[in-house]
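Enquirer: Residues per chain are reported as follows:
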Amino acid sequence: MYVAVKGGERAIDNAHAWLAEERRGDTGVAELSIAQIREQLALAVNRVMAEGSLYDPDLAALAIKQSRGDLIEAIFLIRAYRTTLPRIGNSNPVDTGAMACDRRISATFKDAPGGQVLGPTFDYTHRLLDFKLAAEGEVPAAPTTDPRRDPTPHITEFLNRDGLIETDTPDDSTPPDLTREPLEFPANRALRLQSLTRGDEGFVLGMAYSTQRGYGRNHPFVGEMRVGRVAVEMDIPELGFAIEIGEVQLTECETVNQFTGSKTEPPQFTRGYGLTFGHCERKAISMALVDRALRWEELGEDNVGAPAQDEEFVLSHSDNIQATGFLEHIKLPHYVDFQSELELVRKLRAEVAASTRQEAAE
Amino acid sequence: MGLLAKAPAEAVARYWSALDRAPAFEWLRRPEVGGVMVRGRMGGTGAAFNMGEMTVTRCTLKLGAGGAVGHAYVQGRDKAKAEQAALIDALMQTDAAADVQARVLRPLAGELTAARDTRAAKAAATKVEFFTMVRGED
Numbered sequence: 000m001y002v003a004v005k006g007g008e009r010a011i012d013n014a015h016a017w018l019a020e021e022r023r024g025d026t027g028v029a030e031l032s033i034a035q036i037r038e039q040l041a042l043a044v045n046r047v048m049a050e051g052s053l054y055d056p057d058l059a060a061l062a063i064k065q066s067r068g069d070l071i072e073a074i075f076l077i078r079a080y081r082t083t084l085p086r087i088g089n090s091n092p093v094d095t096g097a098m099a100c101d102r103r104i105s106a107t108f109k110d111a112p113g114g115q116v117l118g119p120t121f122d123y124t125h126r127l128l129d130f131k132l133a134a135e136g137e138v139p140a141a142p143t144t145d146p147r148r149d150p151t152p153h154i155t156e157f158l159n160r161d162g163l164i165e166t167d168t169p170d171d172s173t174p175p176d177l178t179r180e181p182l183e184f185p186a187n188r189a190l191r192l193q194s195l196t197r198g199d200e201g202f203v204l205g206m207a208y209s210t211q212r213g214y215g216r217n218h219p220f221v222g223e224m225r226v227g228r229v230a231v232e233m234d235i236p237e238l239g240f241a242i243e244i245g246e247v248q249l250t251e252c253e254t255v256n257q258f259t260g261s262k263t264e265p266p267q268f269t270r271g272y273g274l275t276f277g278h279c280e281r282k283a284i285s286m287a288l289v290d291r292a293l294r295w296e297e298l299g300e301d302n303v304g305a306p307a308q309d310e311e312f313v314l315s316h317s318d319n320i321q322a323t324g325f326l327e328h329i330k331l332p333h334y335v336d337f338q339s340e341l342e343l344v345r346k347l348r349a350e351v352a353a354s355t356r357q358e359a360a361e
Numbered sequence: 000m001g002l003l004a005k006a007p008a009e010a011v012a013r014y015w016s017a018l019d020r021a022p023a024f025e026w027l028r029r030p031e032v033g034g035v036m037v038r039g040r041m042g043g044t045g046a047a048f049n050m051g052e053m054t055v056t057r058c059t060l061k062l063g064a065g066g067a068v069g070h071a072y073v074q075g076r077d078k079a080k081a082e083q084a085a086l087i088d089a090l091m092q093t094d095a096a097a098d099v100q101a102r103v104l105r106p107l108a109g110e111l112t113a114a115r116d117t118r119a120a121k122a123a124a125t126k127v128e129f130f131t132m133v134r135g136e137d
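In the order they appear, the protein sequences are chains A and B.
Position one of the first sequence corresponds to residue 0 (numbering that gives the first Met the number 0), numbered consecutively onward.
Position one of the second sequence corresponds to residue 0 (numbering that gives the first Met the number 0), numbered consecutively onward.
Worth flagging that the hints you see were computed from the coordinates, not collected in a lab.
Keep in mind that a hint or two might mislead.
Computed cross-link-like contacts, DSS-like style, restricted to lysine-lysine with a CA-CA straight-line distance of at most 25 Å [claimed, not checked]: (1) B:K126 to A:K109; (2) A:K109 to B:K121; (3) A:K5 to A:K346; (4) A:K64 to B:K61; (5) B:K78 to B:K121; (6) B:K78 to B:K61; (7) B:K5 to B:K121; (8) B:K126 to B:K61; (9) A:K131 to B:K121.
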């Protein structure tokens with residue numbers, strides 16, 4: 000028998016009204032504007048864009064405001080909105096070599112052409128709370144010097160010249176899209192990268208950290224990390240050529256990993272790759288490490304059974320919206336499910352009690 | 000068109016209203032907000048993969064006088080910006096082209112270059128200058 004139970008509309012409406020009031024907080028404190036969130040909580044906005052899989056800073060800021068700062072809830076809102084957008088087309092692959100870099104560092108080559116450009120970084124700060132920020136005040140202007148206008152070359156190009164590192168040759172065939180086709184295994188590298196770039200930062204970080212601690216170690220160096228803006232180009236059918244349709248901020252991380260060679264390949268360095276929307280360094284590095292760990296099979300390495308080598312495990316659990324959807328649904332009413340469990344436990348207990356009585360009687 | 004796509008809506012509106020031209024037009028495609036899937040390349044140079052979408056607004060219109068067709072594909076969800084960009088694109092095919100070039104596109108390009116140079120100048124100031132401590136006798 001299935002009994003549908005209705006009710007709770009008034010309670011739900013009132014709960015949502017109270018939520019709106021709590022979201023606003025003390026009305027004696029000035030309300031946050033979308034522009035304030037976009038400009039002053041930019042890294043939260045970037046994370047919501049990267050994992051929400053939609054580049055639109057104003058929408059991400061709105062989602063953060065609506066979700067009271069719960070970033071996974073904000074990502075959920077962005078994912079839901081994204082599904083309502085008609086797909087206008089696909090961009091040409093962005094040229095990160097032409098990036099206008101705010102930041103570009105290499106942990107492997109001190110004298111990289113283009114230099115070590117630190118950009119606006121938390122690195123080398125002392126991680127001491129700055130109480131000056133609690134008081135209102137003007138920020139002194141950042142120092143400037145002659146700007147570099149030439150493109151900054153990728154570091155791996157220099158290793159490539161000597162054949163010391165595997166090459167990634169251009170291939171413009173249409174990549175699979177997990178927002179259109181459900182993810183199936185084995186996934187190819189394009190699908191893995193799409194899945195990782197929208198994956199939960201905490202989960203991808205944990206997986207990457209596990210490889211560093213020895214679960215599928217792959218000896219990474221950050222060959223290069225760059226943060227900056229790149230133009231997005233798309234072929235326009237009515238024009239018959241490609242135009243720039245916008246500009247996005249990206250974080251790119253290339254790792255250089257040890258590789259001893261295999262039956263078919265001479266010893267050379269291998270590569271892991273991370274690319275995210277916005278300024279998301281931790282995520283980009285983590286993505287590169289996990290990408291490299293998942294490549295064990297194509298590189299002829301041993302599967303040592305490490306979690307980060309298990310593509311089905313990693314890709315099936317990296318999406319925080321899928322995860323939280325399934326996890327949080329268990330707090331919603333399961334009265335009927337639970338009732339049947341209760342009946343079952345009572346029946347089993349009654350049987351046990353009956354057999355115990357029978358044994359005692361014998 | 001690339002310039003108009005990347006420029007802030009506020010700047011496009013400012014130069015458009017300063018141009019003080021409001022040609023009659025008809026819509027061939029009204030402004031429509033959609034998503035474009037942005038692709039990257041493995042290792043920066045290799046095979047393509049899908050990263051995520053960006054919001055884009057597109058529209059197409061035809062000028063009443065002369066019938067020049069203007070297209071716009073602009074980043075974001077600002078329909079007014081898309082309309083202005085399509086009008087500018089259409090006007091660039093008329094004898095107003097030189098005026099639009101001089102009073103909209105050139106100053107807009109100048110603003111974008113200046114903004115880009117400002118960031119590049121700040122980045123350049125954070126470039127590390129290594130120095131080596133000389134040790135020993137030789």
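Enquirer: Now tell me if each hint is right for this structure.
Expert: Each hint tested on the structure:
At most 25 Å may separate the alpha-carbon atoms for a hinted pair to count; K126 (chain B) and K109 (chain A) meet this at roughly 12 Å. Restraint check for K109 (chain A) and K121 (chain B): satisfied, since their Cα atoms lie roughly 21 Å apart, inside the 25 Å limit. The straight-line distance between the Cα atoms of K5 (chain A) and K346 (chain A) is roughly 29 Å, outside the 25 Å bound, and the hint therefore fails. Proposed proximity of K64 (chain A) and K61 (chain B) is contradicted: the alpha carbons are some 40 Å apart, above 25 Å.
At most 25 Å may separate the alpha-carbon atoms for a hinted pair to count; K78 (chain B) and K121 (chain B) exceed this at roughly 33 Å. Between K78 (chain B) and K61 (chain B) the alpha-carbon distance is near 16 Å, which keeps this suggested pair within the 25 Å criterion. Taken as a hint, the K5 (chain B) and K121 (chain B) pair is honoured in the structure, with Cα atoms around 21 Å apart against an allowance of 25 Å. Taken as a hint, the K126 (chain B) and K61 (chain B) pair is broken in the structure, with Cα atoms around 50 Å apart against an allowance of 25 Å.
Straight-line distance between C-alpha atoms of K131 (chain A) and K121 (chain B) comes to about 23 Å, which keeps the hinted pair within the 25 Å bound.
Hint compliance for this structure: hints 3, 4, 5, 8 are broken, all remaining hints hold.
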